[in-house]
Amino acid sequence: MPKFGPIKRKELINYLRKLGFDGPYIGTKHQFMLKKEIKLTIPNPHQSDIGRELLASILRQAGIDRDKWENL
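Numbering-wise (the numbering used here), the sequence shown opens with residue 510 and increments by one.
I should point out that these hints are in silico values taken from the structure, not numbers from a laboratory.
Just so it is clear, the structure is predicted and the values come from calculations on it, not from any experiment.
Accuracy of the hints is not assured; some may be wrong.
Unchecked claim - Straight-line C-alpha distance at most 20 Å; calculated SDA-like pairs for lysine to any residue:
1. Lys-544 <-> Ile-573
2. Lys-512 <-> Glu-546
3. Lys-527 <-> Ile-567
4. Lys-519 <-> Gln-540
5. Lys-544 <-> Gly-560
Produce the complete structure using the sequences and hints provided.
See below:
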């Protein structure tokens, strides 16, 4: 179960796949993942983890609440 906090990009992608998202696919500036009509932009790889604020924004766009995220 992932905690709601900083997370590595690779782990984020793996958890989103468990939630039914496909991808990531190559975009113009950022990669994205798809689930039905939801197109979710994924941050570019960088040296540090994805922070709480960015994770919250990604989950909000994906329609995933904190309880669902922490109970994967």
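Which hint numbers doesn't this structure obey? 2 and 5
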